[in-house]
Amino acid sequence: MIQISKRGELTRSKALLIRLLAIALGILACALITVITTRQNPLLVLQALVKGSFGSSRRSWIFFQNTAILLCIALAVTPAFKMRCWNLGAEGQVLAGAMATAACMVLMGRAGLSTAVIIPCMVVSSIIAGALWAAIPAFFKARFNTNETLFTLMMNYVATQIVAYFCVKWENPKGSCKIGVINQKTNLGWLPELGNKYILVLAVVALLTLFMYFYLNYTKHGYELTVVGESDNTARYVGIKVNRVIIRTMALSGAICGIAGLLLVGGINHTVATTIAGGQGFTAVMVSWLANFNPLSMILSSGLLVFLETGANELATSCGLNASFGDILTGVLIFFIIGSEFFVNYHVSFRSKKKEDK
Amino acid sequence: MEEKIPAVMMRDITKRFGSVLANDKCWLNIYRGEVLALLGENGSGKTTLMNMLSGIYFPDEGTISIDGKEVTIADPSDALALGIGMIHQHFKLVDVFTAAQNIVLGLPGKLDLKEASRKIREICERYGFDVDPEQKVFDMSVSQKQTVEIVKVLYRGADILILDEPTAVLTPQETEKLFAVLRNMRDDGKAVVIITHKMHEVESISDRVAILRKGHFTGDMLTKDTNAQEMTNMMVGRPVELNIDRPEPEDSRPRIELKDVTVRDEEGLLKLDHVSFTAMSGEVLGIAGISGCGQKELLEAIAGLQPVEEGSISYIEDDGKHEELIGKDPLDIKKLGVALSFVPEDRLGMGLVGNMDLSDNMMLRSYRNGKGLFTNRKDPHHLAEMMVDFLEIVTPSVETPVRRLSGGNVQKVLVGREISNAPKVLLTAYATRGLDINSSYTIYDLINQQKQRGVAVIYVGEDLDVLLELCDRIVVLCGGKVSGIVDGRKTDKNEVGAMMTKLGGVSE
Numbered sequence: 001m002i003q004i005s006k007r008g009e010l011t012r013s014k015a016l017l018i019r020l021l022a023i024a025l026g027i028l029a030c031a032l033i034t035v036i037t038t039r040q041n042p043l044l045v046l047q048a049l050v051k052g053s054f055g056s057s058r059r060s061w062i063f064f065q066n067t068a069i070l071l072c073i074a075l076a077v078t079p080a081f082k083m084r085c086w087n088l089g090a091e092g093q094v095l096a097g098a099m100a101t102a103a104c105m106v107l108m109g110r111a112g113l114s115t116a117v118i119i120p121c122m123v124v125s126s127i128i129a130g131a132l133w134a135a136i137p138a139f140f141k142a143r144f145n146t147n148e149t150l151f152t153l154m155m156n157y158v159a160t161q162i163v164a165y166f167c168v169k170w171e172n173p174k175g176s177c178k179i180g181v182i183n184q185k186t187n188l189g190w191l192p193e194l195g196n197k198y199i200l201v202l203a204v205v206a207l208l209t210l211f212m213y214f215y216l217n218y219t220k221h222g223y224e225l226t227v228v229g230e231s232d233n234t235a236r237y238v239g240i241k242v243n244r245v246i247i248r249t250m251a252l253s254g255a256i257c258g259i260a261g262l263l264l265v266g267g268i269n270h271t272v273a274t275t276i277a278g279g280q281g282f283t284a285v286m287v288s289w290l291a292n293f294n295p296l297s298m299i300l301s302s303g304l305l306v307f308l309e310t311g312a313n314e315l316a317t318s319c320g321l322n323a324s325f326g327d328i329l330t331g332v333l334i335f336f337i338i339g340s341e342f343f344v345n346y347h348v349s350f351r352s353k354k355k356e357d358k
Numbered sequence: 001m002e003e004k005i006p007a008v009m010m011r012d013i014t015k016r017f018g019s020v021l022a023n024d025k026c027w028l029n030i031y032r033g034e035v036l037a038l039l040g041e042n043g044s045g046k047t048t049l050m051n052m053l054s055g056i057y058f059p060d061e062g063t064i065s066i067d068g069k070e071v072t073i074a075d076p077s078d079a080l081a082l083g084i085g086m087i088h089q090h091f092k093l094v095d096v097f098t099a100a101q102n103i104v105l106g107l108p109g110k111l112d113l114k115e116a117s118r119k120i121r122e123i124c125e126r127y128g129f130d131v132d133p134e135q136k137v138f139d140m141s142v143s144q145k146q147t148v149e150i151v152k153v154l155y156r157g158a159d160i161l162i163l164d165e166p167t168a169v170l171t172p173q174e175t176e177k178l179f180a181v182l183r184n185m186r187d188d189g190k191a192v193v194i195i196t197h198k199m200h201e202v203e204s205i206s207d208r209v210a211i212l213r214k215g216h217f218t219g220d221m222l223t224k225d226t227n228a229q230e231m232t233n234m235m236v237g238r239p240v241e242l243n244i245d246r247p248e249p250e251d252s253r254p255r256i257e258l259k260d261v262t263v264r265d266e267e268g269l270l271k272l273d274h275v276s277f278t279a280m281s282g283e284v285l286g287i288a289g290i291s292g293c294g295q296k297e298l299l300e301a302i303a304g305l306q307p308v309e310e311g312s313i314s315y316i317e318d319d320g321k322h323e324e325l326i327g328k329d330p331l332d333i334k335k336l337g338v339a340l341s342f343v344p345e346d347r348l349g350m351g352l353v354g355n356m357d358l359s360d361n362m363m364l365r366s367y368r369n370g371k372g373l374f375t376n377r378k379d380p381h382h383l384a385e386m387m388v389d390f391l392e393i394v395t396p397s398v399e400t401p402v403r404r405l406s407g408g409n410v411q412k413v414l415v416g417r418e419i420s421n422a423p424k425v426l427l428t429a430y431a432t433r434g435l436d437i438n439s440s441y442t443i444y445d446l447i448n449q450q451k452q453r454g455v456a457v458i459y460v461g462e463d464l465d466v467l468l469e470l471c472d473r474i475v476v477l478c479g480g481k482v483s484g485i486v487d488g489r490k491t492d493k494n495e496v497g498a499m500m501t502k503l504g505g506v507s508e
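These protein sequence lines map, in sequence, to chains A and B. Those letters in the first sequence? Residues 1 to 358, by our numbering. Those letters in the second sequence? Residues 1 to 508, by our numbering.
Just chain B, same shape as in the assembly (with noise of 0.2 Å):
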């Protein structure tokens, strides 16, 4: 084979935040006409290494080269010069422009948006993309408004894309589609660096794997002479088991009911149409459905966030006796006994302060716990040192603001505390979105204890992988509607995706 000159190669390069070491002398060579993923744990500096290269970090150390030339990148348009464009995780549109407005944004020259709109579609045409010019940003769904991203570095000239977890926020259809696109910008001689942690993304769509680990490059691969399991290992540093445990329930009986509710949200849409079903103590009960189909909703209605308009969520103690929870606060809900714990999806924007400290973030649940005015702040704090010796947070202090801990360490906080409340009732939502495999099944694991502790588990998932391993039930949800409920352990991938999309799942 002959060989190839990289695109870009970089080396020894080294990148500190304070006293964080971020990047430790990586080395990268990224090629045209391959798709590279960059693989790592969350915190192990992948998003680091790639912003250094598009201009937004500036290296301490080390040395980059575009074909062979060692280049200085001090800004985002020294990188667009090069020709390397990144699309980053969080979008940077204006919402009240058309595609094509927000696409020719910045750049110097006349403006003329018909020549541009021109370009544009003669860049859709080459790609496969589905973007409309003349869109304007609110109308698009997420998947479009990324589309418009990778359009938007592509009129620049990029021929060296970087993508930053582009999938985390895609349905699996959308996801399909990118990787299309994105093979036809490979074909077309073009670098592609696509940042992930999803395994079976990496098997799907690159050609070639790199592998960081703490800061640390670990080795890079053809991605068809390794396998997911050897890649794990290389990320997390010894091998790690791919399985999650399935306990069968013991001792189940009801313990949440619901009954024909329905929720409007603020503009009056209706997120939930008249759901009814059981989660019985003992069990997982998992929620699929394409995101938005009311799961959030849902969970914030048990747990006293969301008003309801019709309909009943009783909770049943053990002797049978039932409790209306409708109507009633998350204090209120406490105060009649019931220990019920969230994992809500945003994390530290509902869960957690981002700005307090571990040990004043146990305390959230606690705080009214204390003497007369005062609060006690013992206790919490004993609870957070506990929780980082447990469950291995990673973390400089207890007094560390949870907002410096990277994804799955905050997860672990959150989990960790409802957790330690010895709920009745647990609802977690996406709880290991964004977090990478060690620490997703950290969380597996956390909840397969609740559950063998009597816990009614609700878990709301995205992945069916994973909802068909750990679920013993499923409740699949379809624009607001009970599309149907199946045995985790007999259903397949095919029949869930089939009722995601349509009511009942009876496909032609």
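In isolation and in its complexed conformation, chain A is listed as follows (with noise of 0.2 Å):
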């Protein structure tokens, strides 16, 4: 007989054991899966995986980039996931970030306006149109209570379709149906290098993660979201304005999502698309609940999640598969580390069942 109890308080360093063990597990699974259907070294699975992230210098910073990246969304989620508000539309705020930073890139940048003007607009305008995404949702939830869940993720399409739309009025070269390089030859509205160009994402989202730490622990608005969060009535009881707080800490989470839109834009790709995001506005949400919403935690589950993502992928390369391999490797990996909370939780112990004889 299989008898399953929930754990009492487990010391962090058991929890952390737990959850080591399972990535080993996992990886080994993954082996497992490569070398019988390849017939493989398994080494060559291990070795694959760090190649993914740390093979060279460039891989390196570009394994930075990505994890700043999903970072930045999924500090930007966390707030609202605090508030036990469900949201699930960072993929069409940071759309709406990206669409704002192209639209003065292109459109400020054919007026012939300086990248000094350009820039502030830009940052300007992403944070707004990220805010602003989040808050029709959260208004209409404050208001009426709608769902959040479903009218987010409803805006994300859209956000897609928008996105759609500007790529094909500006599409540059004619006809290509996307818009290419924004102001290739000019430079215009290009966010500025500081020492190489990836270290400027790291250096904002670093701050961002010491902002919503401080802002979710030690703020007052950050005690009141939790409050609202565990019980609209205890906030009221203490004279909460639900409503207000509702309101603010989305546009809170879709102006972050409007930085992240911004840095994709302006920092990294210089181009908009309506994959722009590519998933990582769900990919966050993980990132987010893994780390038990700790701003400081999640530096190390949006690394571990960009490491298993790019390494899996560069297995199936190295492997001579194509990319729905590492897609599946990637999800092996997540299912035993989101496995490894039920452990973390619970307490599994087996017993034999009494013979009934006497």
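Incorrect hints may appear among the rest.
[Claimed, not checked] Computed list of lysine-lysine pairs in DSSO-like fashion (alpha-carbon distance at most 27 Å, straight line):
#: 1; chain 1: A; residue 1: Lys241; chain 2: B; residue 2: Lys328
#: 2; chain 1: A; residue 1: Lys241; chain 2: A; residue 2: Lys141
#: 3; chain 1: B; residue 1: Lys321; chain 2: B; residue 2: Lys335
#: 4; chain 1: B; residue 1: Lys378; chain 2: A; residue 2: Lys82
#: 5; chain 1: A; residue 1: Lys220; chain 2: B; residue 2: Lys335
[Unchecked claim] Computed list of chain A residues with no C-beta within reach of chain B, every gap over 10 Å:
#: 6; residue: Ala15
#: 7; residue: Leu16
#: 8; residue: Thr37
#: 9; residue: Ala111
#: 10; residue: Val124
#: 11; residue: Cys177
#: 12; residue: Gly180
#: 13; residue: Tyr218
#: 14; residue: Gly222
#: 15; residue: Ile268
#: 16; residue: Glu314
#: 17; residue: Val332
#: 18; residue: Ile338
[What the hints assert, rightly or not] Beyond 12 Å from chain A on every Cβ pair, some chain B residues (computed):
#: 19; residue: Arg32
#: 20; residue: Asp132
#: 21; residue: Gln173
#: 22; residue: His200
#: 23; residue: Leu242
#: 24; residue: Arg246
#: 25; residue: Ile290
#: 26; residue: Leu348
#: 27; residue: Gly354
#: 28; residue: Asn355
#: 29; residue: Leu383
#: 30; residue: Asn438
#: 31; residue: Asp445
#: 32; residue: Gln449
#: 33; residue: Gly504
Source of the hints: derived by calculation from the structure; they are not laboratory data. Glycine included, C-beta positions come from ideal geometry on N, C-alpha and C.
Reconstruct the complex from the two isolated chains, following the hints.
Shown next as structure tokens:
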């Protein structure tokens, strides 16, 4: 008979051990799958995983950059989640921010304004666009108690279509249905480089991480949103204006997504496309959950997910398989990581069923 | 007297939850043809012990024997197969189904509702239940739902019944009805276990009483051989004074004045109908009434949480100045300088945040005092530590989420915080509901201390004995109207009881 019982307090080191064990088992399972399907040396699997993210200094920088973007979006959804408001619209909010950034670059670039004017406009408009995209569902939730999960999810499609429309409208070269690199010759509106082209993104996200950590744990706003998340009635009981907190928190959530959009368009890609968020709005949900909504732990969880995904893709390539194989491996790894949470919370024991002979 | 074989024998039962020892080598005998009362303070392991008997938990150590034969109860179906049925505090019924549908739900075999209804009627007749098998559950009162739960386990052939605090949700009349049914079942040879901590119920219903203290079994005896004082002492582990103080009010002056307050709920039903009374400083004003008679709305209206249709609620300052409270939310009221504290009925749903620790819960009232954008975490932390010492709150630390504390300790945290604001007005709703004797008396003491400080206390209660001992005056509500206001020292249970059920209380 298998018996499952809830654990009491588990020490941090023990919980960490369980999680590390799960990752190790996950990698083992991936190795097994790879070996069975491709008959390659299992050591290759480990090697490919590491090579994916740290194979060269360029790869390492890209690894940190990808981690930073994922972390940025995870930071964005966290205050909403802490308020038990399931913001699944990060994808759309990033697109809104990206769209606003691209609009500034394209239109103001055409108008011949200088970078010193364009960049402040990009920053402000991307933040406002992201915030607005999240504040709309928040307003309806606060006012009419609509379901924010569905609403934010649907806003993603609206954002995608808006981006698609402008991609065609501003297409460059003509007839290609895509924008291409904006202001490639003039570099108007490109975010400045600090040392190299990766450091700016890392620095911005590092600051955001600290900001979010202090915001959630040490400010009145952070405290209010936690209370609202736990119980509407308790919040009203101490005089918190629940509707105001919901809209404010969601707007903050969207604003940070907007910054992610700004970084993606202004700092990294210098173009916009409907796929620019690339599903990271959803991966961010997992980053936030895995870190138990703690911004500092999110550095680790986002890094881990990026590492695994890059590694799995590298593994698929080095074994001569296509990207779908990488997806399968990522899926297996994530299954193990999420599965480990069960063992962190529950204790499983086996006991023999007593014979009823006497 | 002949030696009976117990229907259930539990021996050396131990159960741990993480590091918490819920039951430590407990012994228990349950006999057929007897009602056993299982007594103990909050968190003494009564429910856990019974959950192991009904297959919800599995004991870490120890043995269970049914009719002298050792058995393994791994899940609720094992328990039911052995004739053990448990009625939980929280009902597990499907609202849109009828009583009969709920009762046969999950049973194997062909679904024959007609036959089921017939069998249900038979059970009802045998024991004196009052259930209509065709009635839908959402149409039922709490006591009817409870009856369905009991019939459900009887229908499944249970002859060892466990009821977990069945009277907590019932009115005195409904309790009497339930007890009559339980006596019928006992006379029919069934074994009945009732978990409770109301002493007078133990005395009126049980034949035998078993007492647990902090997970240990402290003894059992025949009810007729013991008394409330002895049982309380065994529960608490030391002699306890069973009298409530009632100091004379000093320097009383009007503090809160209600005039013609009328409130409708969200569905437009009249909850309060032109309610008028005045609460005085330095006095405990009781609010009595059958549950759901507008008590909740009354307190929430004063606290600024309930929209009021008409009437006025004024706070009267020492110099006689009136401040209107209607139309203001709790924050506005605080800004007016009115020190109003409120201990709501639903502690973890309204007064506290279950997932936050003690010091963060202390902060609920004071978090706005921090500098600029930041909260001040130090003072609430000190306050929490002081409170743990002062009120003897049992908790691993002030960093423990309050939902992990037992009911009595949760209430101490809430009452403690509300009192620490040095209130002028203290509203309490069912302050001792679900609390054991020891915690209840701590709360009564705290209320009396506030009264002597000159606070106007409004005490909504359900236990008439307590209301009559604690309150200076009692406002009796009946269907949202004030049925009468009586002097707590001069009235008696009959008078208040009559006013609760009939406006003005004039009986024929």
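Each hint tested on the structure:
| no. | hint | in the structure |
| --- | --- | --- |
| 1 | A:Lys241 <-> B:Lys328 | 12 Å, holds |
| 2 | A:Lys241 <-> A:Lys141 | 14 Å, holds |
| 3 | B:Lys321 <-> B:Lys335 | 16 Å, holds |
| 4 | B:Lys378 <-> A:Lys82 | 23 Å, holds |
| 5 | A:Lys220 <-> B:Lys335 | 18 Å, holds |
| 6 | Ala15 | 13 Å, holds |
| 7 | Leu16 | 18 Å, holds |
| 8 | Thr37 | 41 Å, holds |
| 9 | Ala111 | 38 Å, holds |
| 10 | Val124 | 22 Å, holds |
| 11 | Cys177 | 47 Å, holds |
| 12 | Gly180 | 43 Å, holds |
| 13 | Tyr218 | 5 Å, violated |
| 14 | Gly222 | 8 Å, violated |
| 15 | Ile268 | 32 Å, holds |
| 16 | Glu314 | 41 Å, holds |
| 17 | Val332 | 32 Å, holds |
| 18 | Ile338 | 21 Å, holds |
| 19 | Arg32 | 21 Å, holds |
| 20 | Asp132 | 35 Å, holds |
| 21 | Gln173 | 31 Å, holds |
| 22 | His200 | 33 Å, holds |
| 23 | Leu242 | 33 Å, holds |
| 24 | Arg246 | 30 Å, holds |
| 25 | Ile290 | 24 Å, holds |
| 26 | Leu348 | 8 Å, violated |
| 27 | Gly354 | 7 Å, violated |
| 28 | Asn355 | 6 Å, violated |
| 29 | Leu383 | 15 Å, holds |
| 30 | Asn438 | 25 Å, holds |
| 31 | Asp445 | 25 Å, holds |
| 32 | Gln449 | 23 Å, holds |
| 33 | Gly504 | 34 Å, holds |
The structure is inconsistent with the numbered hints 13, 14, 26, 27, 28, although it conforms to all the rest.
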